[in-house]
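The listed protein sequences derive, respectively, from chains A and B. Residue 70 in my numbering sits at position 70 of the first sequence, with consecutive numbering throughout. Residue 145 in my numbering sits at position 145 of the second sequence, with consecutive numbering throughout.
Any given hint could turn out to be false.
[Said to hold, decoys possible] 25 Å max Cα-Cα, derived PhoX-like pairs, lysine-lysine:
{"#": "1", "chain 1": "A", "residue 1": "151", "chain 2": "B", "residue 2": "455"}
{"#": "2", "chain 1": "B", "residue 1": "322", "chain 2": "A", "residue 2": "100"}
{"#": "3", "chain 1": "B", "residue 1": "426", "chain 2": "A", "residue 2": "100"}
{"#": "4", "chain 1": "B", "residue 1": "471", "chain 2": "A", "residue 2": "151"}
The set of hints was computed from the structure by calculation and includes no laboratory data.
Here is how the chains run, residue by residue.
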Amino acid sequence: MLTIKNLHASINGKEILTGINLSIKPGEIHAIMGPNGSGKSTLSAVLAGRELFEVTQGEITFNGKNLFDLSPEERSREGMFLSFQYPIEIPGVSMVNFMKTALNEHRKHKGLAPVTASDFLKLMRERKELVEIDSALTNRAVNEGFSGGEKKKNEIFQMAMLEPKLAILDETDSGLDIDALRVVANGVNKLKKPDNSTIVITHYQRLLDYIVPDFVHILYNGRIVKTGGKELALDLEEKGYDWIKNDVIE
Amino acid sequence: MANEQDKILDEVTKSDYKYGFFTDIETETIPKGLDEDVVRLISQKKNEPEWMLEIRLKAFRHWQQMEMPQWAHLDIPEIDYQDMIYYAAPKQKPKLDSLNEVDPELLDTFNRLGIPLDEQKMLSGVAVDAVMDSISVKTTFRENLAEQGIIFCSMSEAIREHPDLIKKYLTSVVPATDNFFAALNTAVFSDGSFCYIPKGVKSPMELSTYFRINAANTGQFERTLIVAEEDSYVSYLEGCTAPQRDENQLHAAVVEIVAMKNAEVKYSTVQNWYPGDKNGKGGIYNFVTKRGICKGDNSKISWSQVETGSAITWKYPSCILKGDNSYSEFYSVAVTNNHQQADTGTKMIHLGKNTRSRIVSKGISAGVSNNSYRGLVKVSKKAENARNFSQCDSLLLGDKCGAHTFPYIEVDNPTAIVEHEATTSKIGEDQIFYCNQRGISTEDAVALIINGYAKEVLNKLPMEFAVEAQKLLQISLEGSVG
Chain A
1 MLTIKNLHAS
11 INGKEILTGI
21 NLSIKPGEIH
31 AIMGPNGSGK
41 STLSAVLAGR
51 ELFEVTQGEI
61 TFNGKNLFDL
71 SPEERSREGM
81 FLSFQYPIEI
91 PGVSMVNFMK
101 TALNEHRKHK
111 GLAPVTASDF
121 LKLMRERKEL
131 VEIDSALTNR
141 AVNEGFSGGE
151 KKKNEIFQMA
161 MLEPKLAILD
171 ETDSGLDIDA
181 LRVVANGVNK
191 LKKPDNSTIV
201 ITHYQRLLDY
211 IVPDFVHILY
221 NGRIVKTGGK
231 ELALDLEEKG
241 YDWIKNDVIE
Chain B
1 MANEQDKILD
11 EVTKSDYKYG
21 FFTDIETETI
31 PKGLDEDVVR
41 LISQKKNEPE
51 WMLEIRLKAF
61 RHWQQMEMPQ
71 WAHLDIPEID
81 YQDMIYYAAP
91 KQKPKLDSLN
101 EVDPELLDTF
111 NRLGIPLDEQ
121 KMLSGVAVDA
131 VMDSISVKTT
141 FRENLAEQGI
151 IFCSMSEAIR
161 EHPDLIKKYL
171 TSVVPATDNF
181 FAALNTAVFS
191 DGSFCYIPKG
201 VKSPMELSTY
211 FRINAANTGQ
221 FERTLIVAEE
231 DSYVSYLEGC
241 TAPQRDENQL
251 HAAVVEIVAM
261 KNAEVKYSTV
271 QNWYPGDKNG
281 KGGIYNFVTK
291 RGICKGDNSK
301 ISWSQVETGS
311 AITWKYPSCI
321 LKGDNSYSEF
331 YSVAVTNNHQ
341 QADTGTKMIH
351 LGKNTRSRIV
361 SKGISAGVSN
371 NSYRGLVKVS
381 KKAENARNFS
391 QCDSLLLGDK
401 CGAHTFPYIE
411 VDNPTAIVEH
421 EATTSKIGED
431 QIFYCNQRGI
441 STEDAVALII
451 NGYAKEVLNK
461 LPMEFAVEAQ
471 KLLQISLEGS
481 VG
């Protein structure tokens, strides 16, 4: 699904990612954890194709294609979905219009005809129920005036609409109370299929109680310093990031 | 990051003008220049009665004493009014009884503009008056409209065939001496449309005029007059395009609307004159006076405009709210890109009691353009309980363009409530990236955001027009996102 080899990336000449190696197979859930400033969000931004960051070294293949040959929108149409840490407000653009445009781009990419209005509304209703999003939210402009929790739910709803092969959840748990966290996690779990993969980027272990990872990677100073099973997250929770920092220094 | 944004905007707002072609048709023109003889010649070419010539000459003499207005936030190069042709007409048979008599070249021109003049092929709900350069080429569905007593014809015909109505209403809303361009227009106007909706009649179709400038070095001066009698209703549309040329061309039109008691007139414009090239060469100077009067009680006039064209726009569709309880609204989207300049807005003059007005202006600036809103809300002494709400929003694409708001409020009655809101925003690189990440290309993302921003105004347009306007916004800004 996704192979990252020796990835280096920098912003304004400052190197943030310093050699990441990661391989994700279909169906796997990988958690990436790490302290603030370790490069977690940079990694998700580079994967999604944000031009702010310059890739200075390394390669990434996604579904057998060189990721760097694909524009951000092509990556999306190829099945990559980023749930934003801070979802963006787009005043005046209705969720319906936004989602329909996005869905039709994905359909066009697959050689399918645009979705009919009635099919689209039906699909929206169905997916809203699946991720337990308040139906009023989709009648509003994209993220405009949404609370933090509503924005995150809205990300998962969009994910449900686009059915990605690879979902990257960038700190989806940040700013969520426990109920909202459960709703979001349930949504992600319901969308899980045997052949789609998930990268869960998080600072805290608690999300992983709900979305259980196959692998946990610890990112520190722009590289993965430790990889393990789901227990690693628990260890980390118990011992704190200092444990890793000391480990690395030794 | 700013660079990145500019790069994206740049790519999205660079696109070419689709209507820039020129029709090679034999055209009858008069020599360049303007004096009394030219005014007489125009009047003579149109077989006008003496009284019309008198109106023209009076306006011309007044115009000679006037100077071009300088107060707008515009940089207007000097215009040589003697270096321009004031009358150009595609040669054809003088009287048009059926479509077969319209020159195929002309039909083809309008077909290419998306305005088929063959009634069978037309949208059944729209009657069109097609004006090329100085004359009306064809007015469709006239017979159907005449059955209901509606008069829809070219201004030249109206002057000959309905002199009483023209004498009564022409220059009644925009006097010949109103301003420099209105005076010039009154002196030399060559054609335009006349609509008359009799008492109690709701026009069964949209009436529309399509203006096309074709000939070179020619100014276009058209005159439109709409009269809606008591309890009548009409929706009127106006569209316009011109060939792509390196020199500037002047378009100075006058539109007058009269709404009697309980009458309603909706006037929608999609203005797409050639805006000049990316370096600011060429383009139309669009200096237009549009004004309506809500003469009777409970009457209503609504202006909706989508302004994407012209090198320079100077235009303030206004309304005099004379009748008690009358209402007027102005909904506008004005786009400027590259080197375009626009100074546009409205005037709402409240005279009657309980009069209300609403102004929604959305400016979009890209490239190195300048976009100004200028609006006056005036509440006179006798206008008890007048209300106005104004909203002026500006959207900037990139950091080299300008948006300006000049609201003027004059209130002489303490019972008035006047509200003004204004916002300025930018399309953010993060908004575009968010759309990209969902599979939407940058160009489509900008279109989505612009249409969302302009939605309130686009919703005011008749359906076919709204779709057209949406596409136009997209094309006008293609290549400019950032």
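Results of checking the hints against the structure:
no.: 1; hint: 151(A) <-> 455(B); in the structure: 23 Å, holds
no.: 2; hint: 322(B) <-> 100(A); in the structure: 46 Å, violated
no.: 3; hint: 426(B) <-> 100(A); in the structure: 24 Å, holds
no.: 4; hint: 471(B) <-> 151(A); in the structure: 30 Å, violated
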